[in-house]
Amino acid sequence: MEIQIGRLREMHPGLPPELASVMVERAALAFQRSGHSPGVGVAWDCDRAPYEGTFSWPDADMGSVDQHDQNRITEDGAEAVALVLAHRHHEWRVLRRMQREEHADWLLEYHSGDRRELVALEVSGIARRSIWERLSEKLLRVSKTTDVDQRWAGVVGFERPTAALRNVRHEDHEER
Amino acid sequence: MKNVDELHSRVSGAIWRAERAEEHGPGEAADEWADVSSLEEKLARVIPVSAPEGRIARRGAVLAALKAGDYKRGQSLAELYMAAEGAPLSLKESLQEIVEENTRATAARSR
Chain A
340 MEIQIGRLRE
350 MHPGLPPELA
360 SVMVERAALA
370 FQRSGHSPGV
380 GVAWDCDRAP
390 YEGTFSWPDA
400 DMGSVDQHDQ
410 NRITEDGAEA
420 VALVLAHRHH
430 EWRVLRRMQR
440 EEHADWLLEY
450 HSGDRRELVA
460 LEVSGIARRS
470 IWERLSEKLL
480 RVSKTTDVDQ
490 RWAGVVGFER
500 PTAALRNVRH
510 EDHEER
Chain B
325 MKNVDELHSR
335 VSGAIWRAER
345 AEEHGPGEAA
355 DEWADVSSLE
365 EKLARVIPVS
375 APEGRIARRG
385 AVLAALKAGD
395 YKRGQSLAEL
405 YMAAEGAPLS
415 LKESLQEIVE
425 ENTRATAARS
435 R
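As given, the protein sequences belong to chains A and B, one line each in that order.
According to the working numbering, the residues represented by the first sequence are 340 to 515, in order.
According to the working numbering, the residues represented by the second sequence are 325 to 435, in order.
Bear in mind the hints are in silico, worked out from the structure with no lab data behind them.
Glycine included, each C-beta is placed from N, C-alpha and C at the ideal position.
Watch out, some of these pointers could steer you wrong.
Calculated from the model, a selection of chain B residues having no Cβ within reach of chain A, i.e. all distances over 12 angstroms [claimed, not checked]:
| id | residue |
| --- | --- |
| 1 | 354 |
| 2 | 393 |
| 3 | 394 |
| 4 | 397 |
| 5 | 400 |
| 6 | 403 |
| 7 | 410 |
| 8 | 427 |
| 9 | 428 |
| 10 | 435 |
Computed spacing ranges between beta-carbons, pair by pair [to be verified]:
| id | chain 1 | residue 1 | chain 2 | residue 2 | range |
| --- | --- | --- | --- | --- | --- |
| 11 | A | 388 | B | 403 | 44 to 52 angstroms |
| 12 | A | 404 | B | 424 | 38 to 46 angstroms |
| 13 | B | 413 | A | 456 | 18 to 26 angstroms |
| 14 | A | 373 | B | 420 | 42 to 50 angstroms |
Covered, in the sense of this in silico footprint (three residues per stretch, anywhere, with C-beta under 8 angstroms from a C-beta of chain A), are these stretches of chain B [claimed, not checked]:
| id | region |
| --- | --- |
| 15 | 327-334 |
| 16 | 337-347 |
| 17 | 379-387 |
| 18 | 412-423 |
Please model the entire structure based on the sequences and the hints provided.
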């Protein structure tokens, strides 16, 4: 499967164009800062199923990397990757951004026949180290979101490119 | 629906800008949060309280007003939404909690 991060806005027309553009640029900077090039091989996880493929992105000018906050590169880049994966796997689209007190970053929607469902997605990025501990934290956080049908967390790792998107399930609630 | 889609897109951009402005220090994002509150209020006017997005917008309007430092507006919107016909108990409780938490945080800061 080829994941094209540059198609973020096409997948999520509800994202303001300038915001989508910054997110894609920061995803590119996050991968390239770790020594990766477009077309890098990646293994990722979507709701406990393993996937393999490539991630590609519009080449970023690394000369501009110091103009960005380094944490923002990681976090905003992770949001771009997670939203692209959410669309590729589930055809979800961004409805709006959520305020942090809602315990999620994004409210997404999808239609299945006549049924419309709302999905809360909480996202984080990791410049180095494993993504799994952070994923547990984010699942716990998004499990508190109300007024949605599904609660998901996504974590993206950039040093060794990887990602995981998972649904909050019963076993996640038991930690509360 | 086009109006609602546009408002959702605008509130996404406004929240994004407020979050980034906040990173420059406490109080640096008051104007940005005031914009968010205004957009959330507009969403609350066009989406009924029976819809999940309507309840999210109502909480959002109150939260953003308080983050902008406008306690009077936050309190006034919370009272309006809690008194509205059809407002579910869960929304009333969450709005009450938002206002009380803000009151506690303000008192703690002034000590």
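Here's how the hints hold up against the structure:
1. 354: The claim holds: residue 354 of chain B sits with its nearest Cβ about 15 angstroms from chain A, beyond 12 angstroms.
2. 393: holds (16 angstroms)
3. 394: Its Cβ never comes within 12 angstroms of chain A, the nearest being 15 angstroms, so this holds.
4. 397: holds (16 angstroms)
5. 400: holds (19 angstroms)
6. 403: holds (19 angstroms)
7. 410: holds (15 angstroms)
8. 427: Given that every Cβ of chain A is farther than 12 angstroms from that of residue 427 of chain B, nearest at about 15 angstroms, it holds.
9. 428: holds (14 angstroms)
10. 435: It holds; residue 435 of chain B is separated from chain A by about 23 angstroms at its closest Cβ, greater than 12 angstroms.
11. A:388 <-> B:403: 44 to 52 angstroms: holds (48 angstroms)
12. A:404 <-> B:424: 38 to 46 angstroms: holds (44 angstroms)
13. B:413 <-> A:456: 18 to 26 angstroms: At 23 angstroms between Cβs, range holds.
14. A:373 <-> B:420: 42 to 50 angstroms: The hint (42 to 50 angstroms, Cβ to Cβ) holds, given that residue 373 of chain A and residue 420 of chain B are roughly 46 angstroms apart.
15. 327-334: holds (count 4)
16. 337-347: holds (count 6)
17. 379-387: holds (count 5)
18. 412-423: Our answer is that it holds, as 3 residues pass the Cβ test (under 8 angstroms) against chain A, meeting three.
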